[in-house]
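Engineer: Sequence:
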Amino acid sequence: MNLALKLVSLLSCITTWSSVLALIPIIGRYYPNEQAALWQLRDSVGSSNLYSNWTGPPCMNNQSRWGGIACSNGHVVHLVLDGIRLMGSLPPAFLNNLTLLTKLSMRNNSISGPLPNLGNLVGLEYVFLSRNLFTGSIPFDYVQLQSLKEIELQENYLQGKIPPFDQQSLIAFNVSYNSLEGPIPQTDVLRGFPESSYLHNSGLCGNPIKMPCPVPPAPSPSPSHSGKKSSFETRDLVFIIAVSVLVPCLVIFVFLWYYKRRHRKETAKNSAILYFNEELGETAIELETKKMNASQRALDPERTAELEFFEKSIPAFDLDDLLRASAEVLGKGKLSTTYKASLESGLVVSVKRVKDMNGLSNKEFIQQMQLLGKLRHENLVQIISFYNSNQEKLIIYEFVPSANLFELLH
634 MNLALKLVSL
644 LSCITTWSSV
654 LALIPIIGRY
664 YPNEQAALWQ
674 LRDSVGSSNL
684 YSNWTGPPCM
694 NNQSRWGGIA
704 CSNGHVVHLV
714 LDGIRLMGSL
724 PPAFLNNLTL
734 LTKLSMRNNS
744 ISGPLPNLGN
754 LVGLEYVFLS
764 RNLFTGSIPF
774 DYVQLQSLKE
784 IELQENYLQG
794 KIPPFDQQSL
804 IAFNVSYNSL
814 EGPIPQTDVL
824 RGFPESSYLH
834 NSGLCGNPIK
844 MPCPVPPAPS
854 PSPSHSGKKS
864 SFETRDLVFI
874 IAVSVLVPCL
884 VIFVFLWYYK
894 RRHRKETAKN
904 SAILYFNEEL
914 GETAIELETK
924 KMNASQRALD
934 PERTAELEFF
944 EKSIPAFDLD
954 DLLRASAEVL
964 GKGKLSTTYK
974 ASLESGLVVS
984 VKRVKDMNGL
994 SNKEFIQQMQ
1004 LLGKLRHENL
1014 VQIISFYNSN
1024 QEKLIIYEFV
1034 PSANLFELLH
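Start counting the sequence shown at 634; every next residue gets the next number (our numbering).
To be clear, the hints were calculated from the coordinates, so they are not data collected in a lab. Bear in mind that the values here come from a model prediction, so they are computed numbers and not experimental data. Treat the hints with caution; some may be incorrect.
To be verified - Pairs of lysine to aspartate or glutamate, EDC-like flavour, derived with a Cα cap of 20 Å: (1) Lys782 x Glu758; (2) Lys794 x Glu783; (3) Lys1007 x Glu941.
With these hints in hand, go ahead and build the complete structure from the sequences.
Structural biologist: Written as structure tokens, this is what we have:
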């Protein structure tokens, strides 16, 4: 019985120690290749702080043993070395062994040389390398970091063009105070960042900095491979030049011809002269055509080209009808002559040809006619229409058969 109890107790102890020994590698796990990569960094840009602190395993008991790093499951996941006077260039491939790194921050140092290659860090979310002495271009493989959330590269000496970042996860971006050049890529992501993200890069252009990009010059024609091709090109050039000259001239000629023809037709009715032939003992209204040039039109901008009617009940007639009408003189004075005009339609009207308006302008004459044309009274002869130009002023009245004033008033 005692022997059996001793065997059970021994087996229990063996099982317990086996479990403890199995946990020791997990608790004390670290990865020597990550340690070697960090020591490579320390030796390249290290300061006294790193030499005194970065000794032994970087991670132990799932905790960081070195300043500036954070661990998870024995792996280095954060590398934050801000403002500790790091100098020199970064080792070319030291980050290749820190494959689980999610945050890289080395702000406010004096690190020079090119930016590090981050293409192997598929889980990288934060890149803070601002306020250093980095030179060269921004690596194109940065656009492949699909988990990237923030990247700060401002206040360095970077050159070249901005890669077309378009990661939907990217919420912060800054490349100001560098020497970048060329158009800003118009991706949906980069268009969403403010102007301050791009300022003080004298060579950048495009939105959102509101600096227009220069138009690229037209490509120079390739040299001719044969004399025949060259002659064809010369002939085409001559043809193009000839067409470029002749077509506008032809258009101008057609326009002037059309304008002159139309102008000739319009000016055929420009002025009417109503005169009385005393020797023949009869009166006629005739049209004396006078061509008015452009300067005459400019001097007479208020010319009324056609008759203006006030009474809608009177059968309509135009200036041509009036000029063709037979006429006889009813009265003649210093200021006007009055005619009886019988139109071909049978309508009879009185036409007063005004000689002198005492300096009354065309505009004032039209205003007076429009005012008088609106007057209606049983003892007033009604004004039917009027005609106005620099040469003639005609007033057309309702014709009243011969009678004395007493009979008309009573």
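Engineer: For each hint, tell me whether it holds in the structure or not.
Structural biologist: Now the hints, each set against the structure:
The hinted pair formed by Lys782 and Glu758 meets the criterion: a straight-line CA distance of about 5 Å does not exceed 20 Å. At most 20 Å may separate the alpha-carbon atoms for a hinted pair to count; Lys794 and Glu783 meet this at roughly 19 Å. For the suggested pair Lys1007 and Glu941, the alpha carbons sit about 12 Å apart, so the restraint of at most 20 Å is met.
Hint compliance for this structure: every hint is met.
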